[in-house]
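Could you build the full structure based on these sequences and the hints that come with them?
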Amino acid sequence: MIDSFYIAWKYLLFGKARSATLVACITLIAVLPLALEIILDESEHQLVERAEHTPLLVGAKGSALDLVMNSLYFADEVPQPVTLASAEEIAATDLAFAIPLYVRFQARGFPIVGTTLDYFDFRQLRLAAGTPFGLLGECVIGAAVARQIGLKPGDSLLSSPETVFDLAGVYPLKMRVAGVLAPSHSADDLAVLVDVKTAWVIEGLVHGHEDVARSRDSSVIIERSESNVTANAKLMQYTEITEANIEAFHLHGDPAGYPLTAVIALPHDDKAAAILRGRYQDTETPYQIVPPADVIDTLITNIFRIRNVLDAVILFVGLATLMALVLVFGLSLRLRQREIDTIFKLGCSRLTIAQLLGAEIVIIAALSAVLCLLILSVVAHYDQQLVRALFI
Amino acid sequence: MISIESLHFAYPQDGFKLQIPAFSVPVGEKLAVIGPSGSGKTTLLNLIAGISQPLSGRIQIAGTPVHELADAARRDFRITQIGFVFQDFELLDYLSVLDNMLHPYRITRALKLTPEVRRRARDLAGQMGIGHQLQRHAGELSQGEKQRAAICRALLPQPKLILADEATGNLDPDNKLHILDLLFEAVDQHGATLLAVTHDHELLPRFDRVVDFDDFRSGSAA
Numbered sequence: 373m374i375d376s377f378y379i380a381w382k383y384l385l386f387g388k389a390r391s392a393t394l395v396a397c398i399t400l401i402a403v404l405p406l407a408l409e410i411i412l413d414e415s416e417h418q419l420v421e422r423a424e425h426t427p428l429l430v431g432a433k434g435s436a437l438d439l440v441m442n443s444l445y446f447a448d449e450v451p452q453p454v455t456l457a458s459a460e461e462i463a464a465t466d467l468a469f470a471i472p473l474y475v476r477f478q479a480r481g482f483p484i485v486g487t488t489l490d491y492f493d494f495r496q497l498r499l500a501a502g503t504p505f506g507l508l509g510e511c512v513i514g515a516a517v518a519r520q521i522g523l524k525p526g527d528s529l530l531s532s533p534e535t536v537f538d539l540a541g542v543y544p545l546k547m548r549v550a551g552v553l554a555p556s557h558s559a560d561d562l563a564v565l566v567d568v569k570t571a572w573v574i575e576g577l578v579h580g581h582e583d584v585a586r587s588r589d590s591s592v593i594i595e596r597s598e599s600n601v602t603a604n605a606k607l608m609q610y611t612e613i614t615e616a617n618i619e620a621f622h623l624h625g626d627p628a629g630y631p632l633t634a635v636i637a638l639p640h641d642d643k644a645a646a647i648l649r650g651r652y653q654d655t656e657t658p659y660q661i662v663p664p665a666d667v668i669d670t671l672i673t674n675i676f677r678i679r680n681v682l683d684a685v686i687l688f689v690g691l692a693t694l695m696a697l698v699l700v701f702g703l704s705l706r707l708r709q710r711e712i713d714t715i716f717k718l719g720c721s722r723l724t725i726a727q728l729l730g731a732e733i734v735i736i737a738a739l740s741a742v743l744c745l746l747i748l749s750v751v752a753h754y755d756q757q758l759v760r761a762l763f764i
Numbered sequence: 056m057i058s059i060e061s062l063h064f065a066y067p068q069d070g071f072k073l074q075i076p077a078f079s080v081p082v083g084e085k086l087a088v089i090g091p092s093g094s095g096k097t098t099l100l101n102l103i104a105g106i107s108q109p110l111s112g113r114i115q116i117a118g119t120p121v122h123e124l125a126d127a128a129r130r131d132f133r134i135t136q137i138g139f140v141f142q143d144f145e146l147l148d149y150l151s152v153l154d155n156m157l158h159p160y161r162i163t164r165a166l167k168l169t170p171e172v173r174r175r176a177r178d179l180a181g182q183m184g185i186g187h188q189l190q191r192h193a194g195e196l197s198q199g200e201k202q203r204a205a206i207c208r209a210l211l212p213q214p215k216l217i218l219a220d221e222a223t224g225n226l227d228p229d230n231k232l233h234i235l236d237l238l239f240e241a242v243d244q245h246g247a248t249l250l251a252v253t254h255d256h257e258l259l260p261r262f263d264r265v266v267d268f269d270d271f272r273s274g275s276a277a
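From first to last, the protein sequence lines are chains A and B.
Heads up: the first sequence at position 253 corresponds to 625 in our numbering, and the numbers run straight through without jumps.
Heads up: the second sequence at position 95 corresponds to 150 in our numbering, and the numbers run straight through without jumps.
In case anyone wonders, no lab produced these hints; they're calculated from the structure.
Certain hints may be false.
Cut-off 20 Å, straight-line C-alpha distance, at most; resulting in silico cross-link-like pairs (EDC-like, lysine to aspartate or glutamate) [stated by the list, open to error]:
| hint | chain 1 | residue 1 | chain 2 | residue 2 |
| --- | --- | --- | --- | --- |
| 1 | A | Lys717 | B | Asp126 |
| 2 | A | Lys717 | B | Glu221 |
| 3 | A | Lys524 | B | Asp148 |
| 4 | B | Lys167 | A | Asp375 |
| 5 | A | Lys524 | A | Asp448 |
| 6 | A | Lys382 | B | Glu123 |
| 7 | A | Lys388 | B | Glu195 |
| 8 | A | Lys717 | B | Glu195 |
| 9 | A | Lys717 | B | Asp143 |
| 10 | A | Lys717 | B | Asp267 |
| 11 | A | Lys382 | B | Asp148 |
| 12 | A | Lys433 | A | Asp448 |
| 13 | A | Lys388 | B | Asp148 |
This is the structure in structure tokens:
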């Protein structure tokens with residue numbers, strides 16, 4: 373019986389560090405291009421699918437890519453705001469249905485998406501638990517948010533201040549989790565959906581505080597007249613909306629001027645879409661209207677250019693590593709010449725010696741393949757999260 | 056056991072020549088071959104083992120003309136009928152003592168690795184005083200233990216002939232006498248024949264016969 377694999381295994385086991393280095397080198401060469409392929413395919417899939425399902429997007433003039441990335445994938449880059457009036461203008465044309473979006477704030481690292489309940493129908497989002505948001509201060513969290521921070525309906529989630537040191541800036545709002553979305557394998561899994569008015573509460577445009585008319589605290593009231601009461605910053609602002617204080621929440625100024633980051637326009641038909649796009653061609657208008665699919669198509673083209681360069685780089689690095697491995701193996705053969713001579717003297721054929729050395733290569737290759745498959749299966753399992761972390 | 060007639064061998068590269076008109080070693084004999092370095096002692100062992108091929112002449116081991124066998128048959132003959140003990144032990148550091156002993160069984164189809172062989176390996180190691188070291192890597196053993204393991208590897212297939220090339224050359228004086236005693240004992244027990252090349256004149260009285268390599272070449276050693 374020729375037990376080449378047993379002997380080869382013992383040899384590799386004896387030099388664990390050397391064998392592990394060889395396995396790691398080969399695994400890396402194989403994993404890098406394949407993992408990149410998986411991630412890029414998934415990123416393309418995620419980007420294209422969502423873009424193709426969003427007919428038109430209206431936002432402030434500027435980077436169309438920032439607008440699309442923020443509105444569709446809730447990326448951190450916040451575009452210049454438009455106003456609620458722009459959404460109302462679109463609805464007034466009777467050419468399209470408008471869904472407002474205000475994506476600026478975050479809660480524990482997850483984007484807060486201010487919108488309306490129409491967004492749920494548009495994205496075909498299903499609730500796994502609870503109800504949609506109904507009251508000011510309620511939120512519906514994505515499946516991944518619920519899983520990662522362990523929240524369920526009835527729990528609370530605090531919005532994050534934009535900057536820690538800006539005391540005059542956005543205050544945290546304690547939101548009640550009304551519902552949890554079923555997984556949709558999209559950016560919505562990682563989002564905190566709230567009514568757009570709740571987003572304005574976070575911004576401070578809609579707010580609630582103790583009744584200054586009834587307050588007798590002289591350290592709070594600066595000036596009191598028959599028609600007006602002026603209070604200072606000591607006045608207690610509500611950071612949570614409850615049944616007891618919801619009546620105290622009120623708007624300041626004209627809501628038509630309240631900010632949105634974008635408006636999703638859903639034209640009734642192709643003709644309506646063409647007319648609507650024509651209306652925003654005017655260079656005087658402060659808005660732009662973009663078909664997200666076109667923007668993403670350009671982005672994908674650029675990603676593919678980079679991918680080709682990366683593939684070439686990986687190919688060269690892989691070749692260089694393989695050559696180094698061949699050199700290492702050749703040198704190890706020279707170092708083991710005495711051992712080979714001994715085995716030959718004992719009565720082993722040259723073919724069997726080659727078989728012994730071949731078994732070592734097969735074991736190293738097999739271990740690398742197994743490790744490679746494991747890493748790739750992990751990459752494939754978490755590809756959506758990786759895509760979101762790396763690209764979106 | 057060994058019968059050599061009109062043996063002629065040469066290395067074409069350096070002009071080295073070896074001629075042995077006639078020589079024989081009876082079964083069971085423990086023979087020492089001495090001679091200066093470079094005189095061809097190791098070459099003779101290689102010729103007897105079939106590792107090198109003579110230009111002319113005959114080499115018979117237990118009646119088998121080794122030099123006439125085909126490559127594969129010669130290798131099979133060597134691994135089953137001849138046990139080699141080297142000066143530097145030539146154990147594989149990455150294998151345990153037991154695996155080193157069983158190594159010949161794992162590199163050829165001519166030997167079958169059976170539970171009986173494993174049992175014999177344990178017994179042999181016990182007799183050689185390394186029974187408690189079977190699971191240790193060869194590299195962790197002392198010089199004396201390594202040579203015992205190497206002798207065990209040579210004896211395990213129960214060869215008819217043991218070839219020892221400076222087998223005690225790397226051992227201290229106490230160890231070399233002890234190892235030689237163990238080797239003789241094992242050879243006797245297995246009914247084998249021993250041909251040992253050595254430089255060590257202190258060991259010579261223990262052998263049945265001592266041949267100076269110069270006598271060998273002139274034919275007077277026959």
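- Straight-line Cα separation of Lys167 of chain B and Asp375 of chain A no greater than 20 Å? The hint holds at about 11 Å.
- Are Lys717 of chain A and Glu221 of chain B close enough, with their CA atoms no more than 20 Å apart? Roughly 16 Å separates the two Cα atoms, so the pair holds.
- Message: Next pair to validate is Lys524 of chain A with Asp448 of chain A; report whether the Cα-Cα distance is within 20 Å.
- Response: Violated, at roughly 25 Å.
- Message: With the threshold set at 20 Å, check whether the alpha-carbon distance from Lys717 of chain A to Glu195 of chain B stays at or below it.
- Response: At roughly 24 Å apart (the allowed maximum being 20 Å), Glu195 of chain B and Lys717 of chain A break the hint.
- Message: Hinted pair, alpha-carbon criterion (20 Å max): Lys524 of chain A, Asp148 of chain B. Please report holds or violated.
- Response: violated (60 Å)
- Proposed proximity, Glu195 of chain B with Lys388 of chain A (alpha carbon, max 20 Å): holds (17 Å)
- Query: Are the Cα positions of Lys717 of chain A and Asp267 of chain B separated by 20 Å at most?
  - Reply: Violated - the C-alpha atoms of Asp267 of chain B and Lys717 of chain A are around 25 Å apart, more than 20 Å.
- Task: Starting from Lys388 of chain A, check that the Cα of Asp148 of chain B is at most 20 Å away, please.
- Result: holds (14 Å)
- Is Lys382 of chain A close enough to Asp148 of chain B, meaning Cα to Cα at most 20 Å? holds (10 Å)
- Within 20 Å, alpha carbon to alpha carbon, are Lys717 of chain A and Asp126 of chain B? holds (13 Å)
- Decide if the proposed pair is consistent with the structure: Lys382 of chain A and Glu123 of chain B, CA atoms, cutoff 20 Å inclusive. violated (37 Å)
- Message: Next pair to validate is Lys433 of chain A with Asp448 of chain A; report whether the Cα-Cα distance is within 20 Å.
- Response: OK: Lys433 of chain A and Asp448 of chain A at ~18 Å, within 20 Å.
Checked against the numbered hints given earlier, the structure breaks hints 3, 5, 6, 8, 10 and satisfies all the rest.
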